[in-house]
Amino acid sequence: MPRLCRTFQTAPAAVPGDDTAKYLESGLTAEGFEAPDWLVPDIEDGTAPDMKSEAVDNVVDRLPALAPDFGGEIWPRVEWAHDDAEYRERGRSQIETLVAVAGDHLDGVVVPKVGRLEDVERAAVAVAETEREFGYDDGSIELAVIVETAPAVSDLPDIARLGETDRLAGLVFGPVDYTADLGGRSMDGERPRWSGLLERLSNEASAGGLVAIGGPFDRLFDERAGVTYYNAPGYADQVEREARIGLDGSWSLHPKQTAQANRVHMPTTAELESAVEKVEGFNEAKREGTGAVVLDGQMVDEATYRNFANTVQTVRAIDQAHPAQTAETYDGSLLERVRSVALDFG
Amino acid sequence: MPRLCRTFQTAPAAVPGDDTAKYLESGLTAEGFEAPDWLVPDIEDGTAPDMKSEAVDNVVDRLPALAPDFGGEIWPRVEWAHDDAEYRERGRSQIETLVAVAGDHLDGVVVPKVGRLEDVERAAVAVAETEREFGYDDGSIELAVIVETAPAVSDLPDIARLGETDRLAGLVFGPVDYTADLGGRSMDGERPRWSGLLERLSNEASAGGLVAIGGPFDRLFDERAGVTYYNAPGYADQVEREARIGLDGSWSLHPKQTAQANRVHMPTTAELESAVEKVEGFNEAKREGTGAVVLDGQMVDEATYRNFANTVQTVRAIDQAHPAQTAETYDGSLLERVRSVALDFG
Amino acid sequence: MPRLCRTFQTAPAAVPGDDTAKYLESGLTAEGFEAPDWLVPDIEDGTAPDMKSEAVDNVVDRLPALAPDFGGEIWPRVEWAHDDAEYRERGRSQIETLVAVAGDHLDGVVVPKVGRLEDVERAAVAVAETEREFGYDDGSIELAVIVETAPAVSDLPDIARLGETDRLAGLVFGPVDYTADLGGRSMDGERPRWSGLLERLSNEASAGGLVAIGGPFDRLFDERAGVTYYNAPGYADQVEREARIGLDGSWSLHPKQTAQANRVHMPTTAELESAVEKVEGFNEAKREGTGAVVLDGQMVDEATYRNFANTVQTVRAIDQAHPAQTAETYDGSLLERVRSVALDFG
Chain A
4 MPRLCRTFQT
14 APAAVPGDDT
24 AKYLESGLTA
34 EGFEAPDWLV
44 PDIEDGTAPD
54 MKSEAVDNVV
64 DRLPALAPDF
74 GGEIWPRVEW
84 AHDDAEYRER
94 GRSQIETLVA
104 VAGDHLDGVV
114 VPKVGRLEDV
124 ERAAVAVAET
134 EREFGYDDGS
144 IELAVIVETA
154 PAVSDLPDIA
164 RLGETDRLAG
174 LVFGPVDYTA
184 DLGGRSMDGE
194 RPRWSGLLER
204 LSNEASAGGL
214 VAIGGPFDRL
224 FDERAGVTYY
234 NAPGYADQVE
244 REARIGLDGS
254 WSLHPKQTAQ
264 ANRVHMPTTA
274 ELESAVEKVE
284 GFNEAKREGT
294 GAVVLDGQMV
304 DEATYRNFAN
314 TVQTVRAIDQ
324 AHPAQTAETY
334 DGSLLERVRS
344 VALDFG
Chain B
4 MPRLCRTFQT
14 APAAVPGDDT
24 AKYLESGLTA
34 EGFEAPDWLV
44 PDIEDGTAPD
54 MKSEAVDNVV
64 DRLPALAPDF
74 GGEIWPRVEW
84 AHDDAEYRER
94 GRSQIETLVA
104 VAGDHLDGVV
114 VPKVGRLEDV
124 ERAAVAVAET
134 EREFGYDDGS
144 IELAVIVETA
154 PAVSDLPDIA
164 RLGETDRLAG
174 LVFGPVDYTA
184 DLGGRSMDGE
194 RPRWSGLLER
204 LSNEASAGGL
214 VAIGGPFDRL
224 FDERAGVTYY
234 NAPGYADQVE
244 REARIGLDGS
254 WSLHPKQTAQ
264 ANRVHMPTTA
274 ELESAVEKVE
284 GFNEAKREGT
294 GAVVLDGQMV
304 DEATYRNFAN
314 TVQTVRAIDQ
324 AHPAQTAETY
334 DGSLLERVRS
344 VALDFG
Chain C
4 MPRLCRTFQT
14 APAAVPGDDT
24 AKYLESGLTA
34 EGFEAPDWLV
44 PDIEDGTAPD
54 MKSEAVDNVV
64 DRLPALAPDF
74 GGEIWPRVEW
84 AHDDAEYRER
94 GRSQIETLVA
104 VAGDHLDGVV
114 VPKVGRLEDV
124 ERAAVAVAET
134 EREFGYDDGS
144 IELAVIVETA
154 PAVSDLPDIA
164 RLGETDRLAG
174 LVFGPVDYTA
184 DLGGRSMDGE
194 RPRWSGLLER
204 LSNEASAGGL
214 VAIGGPFDRL
224 FDERAGVTYY
234 NAPGYADQVE
244 REARIGLDGS
254 WSLHPKQTAQ
264 ANRVHMPTTA
274 ELESAVEKVE
284 GFNEAKREGT
294 GAVVLDGQMV
304 DEATYRNFAN
314 TVQTVRAIDQ
324 AHPAQTAETY
334 DGSLLERVRS
344 VALDFG
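So the sequences go chain by chain: A, B and C. For the first sequence, the numbering used here begins at 4 and goes up steadily by one. For the second sequence, the numbering used here begins at 4 and goes up steadily by one. For the third sequence, the numbering used here begins at 4 and goes up steadily by one.
Worth double-checking, as some hints may not be accurate.
For chains that are exact copies, the list does not tell them apart, and a pair is met inside one copy or across any two.
Once the Cα atoms are required to be at most 30 Å apart in a straight line, the calculated DSSO-like pairs of lysine-lysine come out as [claimed, not checked]:
1) K55 - K25
2) K25 - K259
3) K25 - K289
4) K289 - K259
5) K289 - K55
Calculated directly from the structure, the hints in this document are not laboratory data. All figures in this text were calculated on a predicted structure; none of them were measured in a lab.
Taking the hints into account, I'd like the entire structure generated from these sequences.
So, in C-alpha cells, the structure goes:
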C-alpha cells in the first residue's frame with residue numbers, strides 16, 4: 004500500500020495579530036478534502052524572523068490537543084541553511100524543543116535549504132541525537148528535506164540513497180529558492196518549470212524508497228477585467244504535471260489548494276474504470292495462457308498491468324484512510340470492483 | 004561506420020495456438036523495410052508465464068534454419084529482475100540454453116528490469132560464464148539492458164561506462180515498467196514522455212560507446228468515428244522525437260512499426276541533399292583557406308560539418324547493409340554523391 | 004555582485020584576405036551594447052586549419068594596444084580534443100604563446116571538446132604550468148571549458164566541482180559538436196534544444212560557483228518571400244530560454260547578436276519595477292513583523308524575496324560596469340530606487 008502524501012500543506016506557525024496560531028489550528032482541524040495528508044507547521048519562511056520562538060511554542064502547545072484527531076501526518080518545518088551555521092544551530096534547537104515537548108505527535112521534521120550529501124547527513128544526525136536524548140526509538144522521528152539549492156541537486160542520487168538505510172523519508176522541491184540559487188528569471192511572470200529536475204526528483208525518490216513532493220504554487224489569486232479570483236486553473240495545471248511524472252503529492256499554501264490537490268492526486272473515474280477493466284481483462288487473458296493481449300486498442304502485458312495495478316492500489320490506500328473521500332468520488336459498484344479485483348504479478 | 008539498430012523488434016517467442024512460433028518465424032523471415040535491424044525473440048513479458056520453456060525451445064529450434072538468411076542481428080530477451088532472485092535464476096538458465104544450443108546464431112541477449120550497477124554487472128557475469136562454459140570467445144555474446152527501473156536510471160552513468168571495457172553494447176528504454184516504478188500516471192491516456200531521461204540515455208550511450216534505443220509504442224491502433232486504424236501518426240511522432248535526440252533506433256511491436264521506424268531512422272531526402280551540399284561546400288571553403296563560411300543562411304564550421312558528415316555516414320551504413328532500401332528512398336545521382344563525397348575532419 | 008557575462012562573443016582570430024585580424028579588431032573596439040562582456044578571439048573552429056599560427060600572432064599582436072580600452076574580459080579559445088593528443092599539444096603550445104606574450108591582457112582561456120574529469124584536469128594543469136613558467140600568480144589566468152561531448156556531460160557534476168578549489172571559472176555549452184557526438188538530427192532544420200542538459204549545466208555551474216553560458220545560434224539570417232534578413236526573433240527566443248533557467252549569458256557570433264543578448268540578459272523595465280516594488284513592500288512587511296505577505300496576488304516570503312533581490316543586484320552590476328547601458332534602458336527614478344533600496348536577507 005503506498006504511503007499517502009497527496010498534500011503537503013504548510014501553515015505559518017505564528018502570524019501577527021491576536022490569534023498567532025490561527026493558521027496552525029485551522030490546518031489541524033480542517034475536514035474532508037480540505038484536510039491535508041501531511042500538515043507542515045512552518046517555523047521557517049512562513050513565520051517572521053521575530054516570531055520564530057512563538058511559532059515553536061504554538062506548535063508544542065497545540066499538538067497535544069489537536070493532533071490526536073488529525074487524520075494525517077504532522078511534519079514541522081524548522082530553520083536550516085547548508086551555508087550558514089547560525090541557521091543550522093537554530094534548526095537544531097527547534098528540533099530539540101519540538102521532540103522534547105511534543106515528540107509523541109510528530110511524524111518527522113522538514114529541513115529546508117540543505118546542500119550536499121554531508122549537509123543532509125548532518126541534519127539526519129541532528130534528528131537522531133535528539134530522538135535518542137528524549138528516549139524515542141531509533142527512526143521514530145523521520146526526516147524530509149527540501150531540495151532547493153544547486154549543491155543538493157548536484158548530489159541528489161547520493162542524498163536519496165540515504166533512504167535505503169537511514170531516516171530520510173521524503174524529498175520536497177523548493178522552486179522559489181532554487182530559482183534564486185540558479186539565477187533564473189520569471190520573464191513573463193512565470194518561473195521556469197524545471198521539468199528535467201522534477202523527473203530526476205521523482206526517479207531518485209523512487210530509487211531510495213522516498214515520498215516525492217512538488218513545490219508551492221504562489222500565484223494564489225489572479226485578476227481579470229477587474230475581478231480577482233482564486234487561481235484554480237493555474238494550480239490544477241501544476242498539480243497535474245506533478246502527478247503525471249510520479250510525484251506522490253503537491254505542496255499546498257491554502258485549504259482551497261489542499262482540496263484541489265487531494266482530488267487531483269486521486270485517479271479520475273475514467274482512469275480508474277479503465278484500470279479496473281484492464282486488470283480484469285488481463286487476469287482473464289493470463290488464465291487463458293496469453294502473455295500479452297490487445298484490449299481496447301492498447302497492448303497490455305505484465306508491464307502495462309503494473310501501471311493499472313498502481314491505480315487500483317492508490318485508490319485502495321485512500322479508501323482505507325478516507326472512505327468518505329472515495330465514496331464521494333466514485334460510484335459504489337466501481338469501488339466494489341476496486342476492493343475485490345485480484346492483483347497478480349508475475 | 005555506425006552500428007545499425009534502427010529497429011529493435013520484439014516478437015513473442017511462444018503464443019497460444021497451433022503454431023506457437025508464428026511471430027518468431029515471421030520476424031525472422033520479414034523482407035524489405037519490414038525486416039528489423041535487430042530481432043528480439045521475447046521470452047519475457049510478451050510470452051505467457053506457462054509458455055516460457057516452450058518459448059526457449061522455439062528460439063533454439065528455429066534459429067539454425069532461419070538465422071543464416073536473416074539480414075539483421077538476433078537478440079533474445081530473457082527473464083530477469085533486480086529485486087527478485089527467482090527471475091534472475093530463470094534468466095540465467097534461459098541464457099545457458101540459448102547459448103548452449105544456438106550460440107552460433109546469437110549476437111547478444113537482452114536483459115530487462117536491471118537495477119543498480121551491481122545488478123548489471125551480475126547480468127554481464129551470467130553471460131560471460133555461459134560463454135566460457137560453451138566454448139565461445141570472450142565477448143562474442145554481447146549484452147543489452149532495458150533501462151526501466153529507478154535504481155538503473157540513478158546509476159546510469161556508471162552502468163554505461165561498462166561499455167568502455169565490458170560486453171555491454173546497448174541501452175534500451177522501457178517506459179511502461181519505468182512509469183509503474185515511479186508511480187507516474189497516464190492522465191489523458193498518454194504516458195509521460197520522460198524527455199529528460201531520454202536525453203541522458205542518449206548521452207550516456209554515446210559516452211560509453213553503446214547503441215541507444217527508445218521504448219515501445221503500445222497504442223498500436225486508434226479509433227475515430229467508429230473506424231479502427233493502425234496508429235501510424237502516433238508512432239511516427241515518437242520515433243521522430245527519438246531520432247532527433249540521437250537515439251540510434253526505436254522499439255517495434257509489429258512489422259508495420261518496423262517498416263515505419265526503419266524509414267524514419269534514415270535521413271529524409273531533404274536532409275541528405277542539404278548534408279551533401281554543405282559537406283561539398285565546406286570542403287571547397289577549406290581548400291580556399293576559410294575556417295567558417297555562411298552557406299544558405301547558416302554558419303558552417305568544423306562542428307556543423309561533423310553533423311552533416313554523420314548524415315552521410317548513416318546513409319552509407321544503410322546503403323552497405325541494405326542497398327535495396329537506399330535505392331528505393333533516394334535518387335541515383337544523390338546516392339552517387341553520398342558514396343563519393345570526401346569526409347575530411349580537422 | 005554577480006560576475007557579468009551576458010555575452011560571450013567569438014571572433015575568428017584570423018580570416019583570409021588583406022586584413023586577417025579584422026573581426027578580432029572590431030570585437031575589441033565595439034561600443035555600447037555591441038561590446039561583449041567577454042570577447043573570445045577564436046583560434047579553434049572559427050579559424051581555418053592553415054591560419055592557426057597567424058591567428059595566435061594576431062591575438063598577441065593586437066591585445067597590447069586594444070585590450071586596455073576594452074571594457075570586458077578577454078578569453079581566447081585554443082584548440083583541444085579529449086580524444087586526440089595532437090590537438091591537445093597544439094592547444095598547450097597556443098596557451099604558452101598567449102600567456103608568454105600577452106598574459107597581462109588575458110582573463111582566461113577557453114578550452115573546447117573536453118572529455119571526462121581527467122581531461123579537464125589536464126587542461127587546468129596546462130594553464131597552471133604555463134602561468135608558473137611565465138611568472139604569473141597562481142589562478143591569475145582562469146579556465147572556461149566548452150561542454151560539447153558525451154563524456155563531459157556524463158562527468159558534469161565532478162567537473163563543475165573543480166570550481167570549488169581550482170581555476171575553473173565557466174561552463175559553456177557547445178550544441179553543434181554535442182549534437183554530432185550524440186548523433187542527433189535536425190529533422191526540420193532545427194537542432195534539438197537539449198533542455199534537460201541546459202538545466203543541469205545551470206545547476207552544476209551554480210553549485211560550483213561558475214559562470215554558465217549557452218551555445219551559439221547559427222541561423223544568423225533567414226529568408227522569406229525572397230527577402231533575406233537578420234534572424235533577430237530566432238536568436239531572441241533562444242537567449243530568453245537561456246536567461247529563464249539561470250544561464251548567465253549567451254554565445255554571440257556577430258555584433259548584432261551581442262547587442263541583442265546584452266539587452267535580453269538585463270531585466271526588462273516591467274521585471275525591474277515589479278522586483279523593486281516587491282522588495283520595498285516586503286521590507287515594509289518585515290518591519291511590521293510579517294513573515295509572508297500577499298503582494299499583487301503573489302505570496303512573497305524570504306524565498307521569493309531572494310529572486311527579486313537577484314534582479315536588483317544584476318542591474319546594479321550592469322550599472323556599475325556600463326552606466327550608459329542602464330541609463331539608456333531604465334528611467335532615472337527607477338534607477339534611483341535600484342541604487343538605494345535595502346536588500347536584507349534572513
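Against the structure, the hints come out as follows:
1. For the identical chains of this complex, K55 and K25 are intra-copy neighbours only, at 15 Å inside a copy versus 63 Å across copies, given an alpha-carbon limit of 30 Å.
2. Taking the closest pair of Cα atoms, K25 and K259 come within 30 Å of each other only inside a single copy of the chain (16 Å); across copies the shortest separation is 57 Å, beyond that limit.
3. In this homomeric assembly, K25 and K289 come within 30 Å of each other (Cα to Cα) only across copies, at 19 Å, whereas the closest approach inside a single copy is 56 Å.
4. In the homo-oligomer, the alpha carbons of K289 and K259 lie at most 30 Å apart only across protomers (26 Å), although the nearest pairing inside one protomer, at 44 Å, exceeds that limit.
5. When the C-alpha separation of K289 and K55 is checked against a cutoff of 30 Å, the pair qualifies only between copies, where the shortest distance is 13 Å, while the shortest distance within a copy is 59 Å.
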